[in-house]
Amino acid sequence: MKAVLKKYTLTVVSIVSIAATVLWLFGLGWTLQDQFSTNKKVSQLKEKTESTSTEKQDGTLTIFALGDSLTRGTGDADGKGYTGYLTERLKEKTDQDINLLNTAIKGETSRGLLKQLQQSEIQRQAKQADVIVMTIGGNDLFQQGAALENLDDNAINGKKQIYLSNVKKIYTQLRELNPEAVIYHVGLYNPFSNMPDSKTTSSIVRDWNFQSAETAAGFDNIVYVPTFDLFQLQVENYLYTDQFHPNTEGYKLIAERVASLIKFEQEENES
Amino acid sequence: MINLVRNEMLKLLRKKRLYVIILIIAFLVPLFTYAQFKEIQDQREKMGNQDWRTTLQQEITDTQNRLSSSRIQDEWRKFLKIRLSQQQYYLENDIDPRAPGAPTFMRIFVENSIDLLLPLLVMVIVADLVSSESSGGTIKLLLTRPVKRWRILLSKYLAMLLSISFIVLSVAVLSYGISGVVFGYGGWNMPLLTGFTVSGDELLTENVHIVPQWQYILMEFGLVWYVCMIVGTLTFMLSVLLRSTAAVMGIMLASLIAGAILANMVSSWESAKYFFMVNLNLTNYVSGMATPIEGMSLGFSMSVLAVWGIAGFIIAFVTFSKRDIY
Numbered sequence: 001m002k003a004v005l006k007k008y009t010l011t012v013v014s015i016v017s018i019a020a021t022v023l024w025l026f027g028l029g030w031t032l033q034d035q036f037s038t039n040k041k042v043s044q045l046k047e048k049t050e051s052t053s054t055e056k057q058d059g060t061l062t063i064f065a066l067g068d069s070l071t072r073g074t075g076d077a078d079g080k081g082y083t084g085y086l087t088e089r090l091k092e093k094t095d096q097d098i099n100l101l102n103t104a105i106k107g108e109t110s111r112g113l114l115k116q117l118q119q120s121e122i123q124r125q126a127k128q129a130d131v132i133v134m135t136i137g138g139n140d141l142f143q144q145g146a147a148l149e150n151l152d153d154n155a156i157n158g159k160k161q162i163y164l165s166n167v168k169k170i171y172t173q174l175r176e177l178n179p180e181a182v183i184y185h186v187g188l189y190n191p192f193s194n195m196p197d198s199k200t201t202s203s204i205v206r207d208w209n210f211q212s213a214e215t216a217a218g219f220d221n222i223v224y225v226p227t228f229d230l231f232q233l234q235v236e237n238y239l240y241t242d243q244f245h246p247n248t249e250g251y252k253l254i255a256e257r258v259a260s261l262i263k264f265e266q267e268e269n270e271s
Numbered sequence: 001m002i003n004l005v006r007n008e009m010l011k012l013l014r015k016k017r018l019y020v021i022i023l024i025i026a027f028l029v030p031l032f033t034y035a036q037f038k039e040i041q042d043q044r045e046k047m048g049n050q051d052w053r054t055t056l057q058q059e060i061t062d063t064q065n066r067l068s069s070s071r072i073q074d075e076w077r078k079f080l081k082i083r084l085s086q087q088q089y090y091l092e093n094d095i096d097p098r099a100p101g102a103p104t105f106m107r108i109f110v111e112n113s114i115d116l117l118l119p120l121l122v123m124v125i126v127a128d129l130v131s132s133e134s135s136g137g138t139i140k141l142l143l144t145r146p147v148k149r150w151r152i153l154l155s156k157y158l159a160m161l162l163s164i165s166f167i168v169l170s171v172a173v174l175s176y177g178i179s180g181v182v183f184g185y186g187g188w189n190m191p192l193l194t195g196f197t198v199s200g201d202e203l204l205t206e207n208v209h210i211v212p213q214w215q216y217i218l219m220e221f222g223l224v225w226y227v228c229m230i231v232g233t234l235t236f237m238l239s240v241l242l243r244s245t246a247a248v249m250g251i252m253l254a255s256l257i258a259g260a261i262l263a264n265m266v267s268s269w270e271s272a273k274y275f276f277m278v279n280l281n282l283t284n285y286v287s288g289m290a291t292p293i294e295g296m297s298l299g300f301s302m303s304v305l306a307v308w309g310i311a312g313f314i315i316a317f318v319t320f321s322k323r324d325i326y
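The listed protein sequences derive, respectively, from chains A and B. First residue of the first sequence? That's 1 in my numbering, and the numbers climb one at a time after it. First residue of the second sequence? That's 1 in my numbering, and the numbers climb one at a time after it.
The hints are simulated quantities; they were obtained by calculation from the structure and are not laboratory data. Remember, it's a predicted structure, so these values are computed and weren't measured experimentally. All the given hints hold, so there is nothing to weed out.
In the DSSO-like style, the derived pairs of lysine-lysine whose C-alpha atoms are separated by at most 30 Å in a straight line are:
no., chain 1, residue 1, chain 2, residue 2
1, A, Lys7, B, Lys148
2, B, Lys81, A, Lys115
3, B, Lys81, A, Lys80
4, A, Lys115, B, Lys78
5, A, Lys80, B, Lys78
6, A, Lys115, B, Lys46
7, A, Lys80, A, Lys115
8, B, Lys81, A, Lys169
9, A, Lys7, B, Lys15
10, B, Lys46, A, Lys91
11, A, Lys106, B, Lys78
12, B, Lys11, B, Lys322
Make a model of the complete structure from these sequences and hints.
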């Protein structure tokens, strides 16, 4: 009996193995044919785009965050940044699900952000958003603290003009993508306000903020959120060890400020 | 000849090695399935109930943020850059490369086991094919029969080929069957992109085209089988050369693991690309990953492996037919 069984298994295993060999050889041949022949119909690909849904999800509040390291949360011990704390605050206020999409990139300048906004997926997410929060400009002005050495008016004015024209384009683009969501553009603070040159630097940042707010005022539903005052006193308590980015406490301050501006029932009305 | 192969297959089955290997796979697959399942669940929890585009976009921005860090290694930066452009490409073409499903699991599983796990399993079968006969003394009985020596060795080689096919098949069946319980059995027709070529740290996309997942998987299994055959042939050669099965296993084990380590650190030592163990990751060419050493391509790696395989085959047969048996 046992011998019969063995013989039976042997035949089965052998036949299966032979079949498998043929199958794998076929797969191997197909790989060679597929990978080494070059005239492929790439055009077929292009038709598949633009079929994505851009519908807003009901019952959830989608926050779309974009910008630079501040939005990313650099310096926060928990890595949440103000967007994370903002979400937490809002969750306390509402039963709605909150969906946070954070596409911020460290070191992003206004030019980089404008480029990022050309990507189809970013655009799709922007369309879905109920609330848009952004920080931009810090890297245009400070360039990782480098601008501080050079307080020359002309140089800063030049940067400002470039920045302002980029921001205008960013606003226009966002409005085009999503005419309804309120955009909260979080303003700059002066990380150097406890340093010797603070009078000059503060005035530069104030002016920068003013001009940005002026630009924002030219659009519907764009709120330029000031943070300058938050960090004006005791800046050292709110900065991370790099003396540039906020720390956890600093981010919480920003988040609170933004959270107080977001209303639930009528999102169309700005506060 | 057929009877000789039958005889060898019978010996293989007697040794119960094949069952052991199937058991190993059957034990590992649920493990990986669970890990994968946990990962997906974790992602869902973290990101809320979002569609994959958002997740992929998030991953892209995370990578961009990592790239902007200055402490990152050049090697790693290159790898991230290539992956980044690939993800971007998937996103632009509206294809989810990781939609969960048993076929996707299968694909990820073989892609990750092609360079170490599967060669090890093959090695377990092949290592003592010939050496056990010499150490056990049965080789004399085998060679007293009125059959030419090379035919005997060929029958062993064919038995090896069949059992490798069998192992690869059981990997396919088991990984599909077991992971399907969790992920569902669908997803064979999901489109995937292949044909990426890497040059420097650029990802060239002119040859990129869509294949359905079932074809993609079949192609990858073809490559897996090829790699297993080469590793099998080399093990087979060692098994002829050495009397001790332990020595065969030791050498193969060492070189396979050395390959895995080398692949991570040879980028500046260019001639290392002629080692067989650096070239085992053939599936990476299909999915478009960065190569360990610049200038490697699917054609190159397959040729290197072929040369090693053919050399091993010839050495094995010549030694076996010339050797004195006592």
